[in-house]
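Q: One-letter residues, chain by chain:
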Amino acid sequence: MSGATTTAIIKRKGQRPTEAFDREKLHHSIVAASLSARAPEGQADNIAYAVTNYVLEWLESRPEVTSHDIRLVATRHLRAHHPDAAYLYEQHRNIL
Amino acid sequence: MDIASSLAIVTLAALIHASFQLSISVLTLLSGHAIGAKHSQARIMRLTFGFVSGAGVMTLLALSFISLIFLRVFGRDAPELIWAIACGLLIGVGLAVWIFYYRHEKGTSLWIPRSFARHLSDRSKATKSAAEAFSLGLTSVISEILFIGAPMIISALVLIQLPGYWQLVGIAIYTIISLFTLFSVWVLIGSGHKLSSIQKWREDNKGFLQFAAGGALAVLGFFVYVYEITSTASGALLL
Chain G
36 MSGATTTAII
46 KRKGQRPTEA
56 FDREKLHHSI
66 VAASLSARAP
76 EGQADNIAYA
86 VTNYVLEWLE
96 SRPEVTSHDI
106 RLVATRHLRA
116 HHPDAAYLYE
126 QHRNIL
Chain D
266 MDIASSLAIV
276 TLAALIHASF
286 QLSISVLTLL
296 SGHAIGAKHS
306 QARIMRLTFG
316 FVSGAGVMTL
326 LALSFISLIF
336 LRVFGRDAPE
346 LIWAIACGLL
356 IGVGLAVWIF
366 YYRHEKGTSL
376 WIPRSFARHL
386 SDRSKATKSA
396 AEAFSLGLTS
406 VISEILFIGA
416 PMIISALVLI
426 QLPGYWQLVG
436 IAIYTIISLF
446 TLFSVWVLIG
456 SGHKLSSIQK
466 WREDNKGFLQ
476 FAAGGALAVL
486 GFFVYVYEIT
496 STASGALLL
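As you go down the protein sequences, you meet chains G and D in turn.
Residue numbering for the first sequence follows the numbering used here, beginning at 36 and increasing consecutively.
Residue numbering for the second sequence follows the numbering used here, beginning at 266 and increasing consecutively.
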C-alpha cells in the first residue's frame with residue numbers, strides 16, 4: 036500500500052487547520068504506544084504497519100474525517116494486536 | 266504544640282500532597298514519550314529522575330519560602346485568625362477536591378485549564394535532556410499549587426513554632442514524603458513495568474484517591490482547628 040490518500044483530516048474540533056493524512060505520523064504514534072506498552076521494537080513496527088494499512092483502507096472511501104475518527108479506528112484495530120498499547124493510544128490525551 | 270504532634274501534622278500534610286496526581290500524570294507522559302522515542306533505559310531513568318528531582322527541589326523551596334514569609338510576618342506564633350483561615354482553606358480545598366479534582370470522563374484528566382494541560386503535555390513530549398526534565402518537575406509543582414498550597418500553608422504554620430533544627434527536619438520529612446508516589450512510579454518504570462498497567466491502576470482507583478485526598482484535607486483542617494483554636498479558646502475560658 037503506497038499510503039497516498041487525499042483524505043483531509045480535521046484537527047481537534049476544528050481549532051487547528053485541516054491537514055492531509057500523514058501515514059508516517061500515524062505509524063510513528065502506533066510504534067510509540069506499542070513501545071510504551073513494552074512491546075519489542077520489531078513487533079511494534081509490525082503492529083504499526085498493520086494498523087496503518089487498516090486505517091488507509093478505511094480512509095479510501097472518505098474524503099474528510101476528523102483526527103478523533105482516526106484515533107477511534109486505529110484504537111479498535113490496535114486492540115486486536117496489543118490491548119495494552121491500544122489502551123495507552125486511546126488514553127494519551129486523557130492522562131493529564 | 267509539641268514536636269511529635271507537629272511532625273505528625275507535617276507528615277499527614279505531606280501524604281495529602283503525595284496523593285495529588287498532576288506530577289504523576291506528567292511523569293507518566295514524560296516516560297511514555299521517552300520510551301516511545303526509543304531512548305535507552307539509562308536515558309529514560311535519567312530523564313525521569315531529573316523530573317522527580319525537580320519536583321523535590323521545588324517542594325523544598327516552596328515550603329521553605331512560605332515558612333520564611335510566615336516567620337518574618339508573624340514570628341514564631343501566628344495569630345489565631347491565620348490558623349482559622351488556614352483550617353478553612355484546608356476544608357474548602359478538601360470539598361473542592363471531592364467535587365472537582367478529576368474531570369467526569371474516561372482517563373485521569375484533571376480539572377485544570379485544557380490549554381495548561383496541553384502545554385504540560387507538549388513540554389513532556391519536547392523534553393530531551395535531564396535538565397529540561399528537572400525544569401518540568403519544577404513547573405509541575407507550581408502547576409499543582411492550587412491543591413498543594415493548603416497543606417503547605419498548614420505545614421509552614423506548624424513548622425515555624427519549632428526550634429530551628431526541627432524546622433529543617435520537618436521540611437525534610439515533608440519533601441521526602443510528598444515525593445513518595447512520584448518515586449514509586451519512577452521505581453516501577455525503572456523495573457520495566459508497563460505504563461499501561463500504571464495508568465490503568467490510576468484510572469481504576471481515581472475515585473478512591475480523590476475521596477482520600479479530599480477527606481484527609483478536611484480531617485486535617487478539622488483536627489488543627491480543634492487543636493489550635495478550640496483548645497486555646499476553651500483554655501482561656503477556664504482561666
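Hints are computed from structural coordinates only; laboratory data are not their basis.
Certain hints may be false.
When the alpha-carbon atoms are kept at most 27 Å apart in a straight line, the in silico DSSO-like pairs for lysine-lysine are as follows [stated by the list, open to error]:
#1 G:Lys60 x D:Lys471
#2 D:Lys371 x G:Lys46
#3 D:Lys459 x D:Lys371
#4 G:Lys60 x D:Lys459
#5 D:Lys390 x D:Lys459
#6 D:Lys393 x G:Lys60
#7 G:Lys60 x D:Lys371
#8 D:Lys459 x D:Lys393
#9 D:Lys471 x D:Lys459
#10 G:Lys60 x D:Lys390
#11 D:Lys465 x G:Lys60
#12 G:Lys60 x D:Lys303
#13 D:Lys465 x D:Lys390
#14 D:Lys471 x D:Lys390
Away from chain G, derived, C-beta distances all over 12 Å, residues of chain D [what the hints assert, rightly or not]:
#15 Val291
#16 His304
#17 Ala382
#18 Leu385
#19 Leu403
#20 Ile438
Derived CB-CB ranges, DEER-like [said to hold, decoys possible]:
#21 D:Asp387 x G:Asp57: 29 to 39 Å
#22 D:Phe473 x G:Leu107: 23 to 33 Å
#23 D:Asn470 x G:Ala43: 55 to 65 Å
#24 G:His103 x D:Asp387: 55 to 65 Å
#25 D:Lys371 x G:Thr53: 23 to 33 Å
#26 D:Ser456 x G:Asn129: 41 to 51 Å
#27 D:Phe473 x G:Arg114: 22 to 32 Å
#28 G:Lys60 x D:Asn470: 29 to 39 Å
#29 D:Gln306 x G:Thr101: 53 to 63 Å
Virtual Cβ for every residue (Gly too), placed ideally from N, Cα, C.
Q: Now tell me if each hint is right for this structure.
A: Checked hints:
| no. | hint | in the structure |
| --- | --- | --- |
| 1 | G:Lys60 x D:Lys471 | 32 Å, violated |
| 2 | D:Lys371 x G:Lys46 | 21 Å, holds |
| 3 | D:Lys459 x D:Lys371 | 19 Å, holds |
| 4 | G:Lys60 x D:Lys459 | 23 Å, holds |
| 5 | D:Lys390 x D:Lys459 | 18 Å, holds |
| 6 | D:Lys393 x G:Lys60 | 19 Å, holds |
| 7 | G:Lys60 x D:Lys371 | 25 Å, holds |
| 8 | D:Lys459 x D:Lys393 | 21 Å, holds |
| 9 | D:Lys471 x D:Lys459 | 18 Å, holds |
| 10 | G:Lys60 x D:Lys390 | 15 Å, holds |
| 11 | D:Lys465 x G:Lys60 | 26 Å, holds |
| 12 | G:Lys60 x D:Lys303 | 16 Å, holds |
| 13 | D:Lys465 x D:Lys390 | 21 Å, holds |
| 14 | D:Lys471 x D:Lys390 | 24 Å, holds |
| 15 | Val291 | 7 Å, violated |
| 16 | His304 | 10 Å, violated |
| 17 | Ala382 | 5 Å, violated |
| 18 | Leu385 | 6 Å, violated |
| 19 | Leu403 | 17 Å, holds |
| 20 | Ile438 | 28 Å, holds |
| 21 | D:Asp387 x G:Asp57: 29 to 39 Å | 18 Å, violated |
| 22 | D:Phe473 x G:Leu107: 23 to 33 Å | 29 Å, holds |
| 23 | D:Asn470 x G:Ala43: 55 to 65 Å | 41 Å, violated |
| 24 | G:His103 x D:Asp387: 55 to 65 Å | 19 Å, violated |
| 25 | D:Lys371 x G:Thr53: 23 to 33 Å | 26 Å, holds |
| 26 | D:Ser456 x G:Asn129: 41 to 51 Å | 25 Å, violated |
| 27 | D:Phe473 x G:Arg114: 22 to 32 Å | 27 Å, holds |
| 28 | G:Lys60 x D:Asn470: 29 to 39 Å | 33 Å, holds |
| 29 | D:Gln306 x G:Thr101: 53 to 63 Å | 36 Å, violated |
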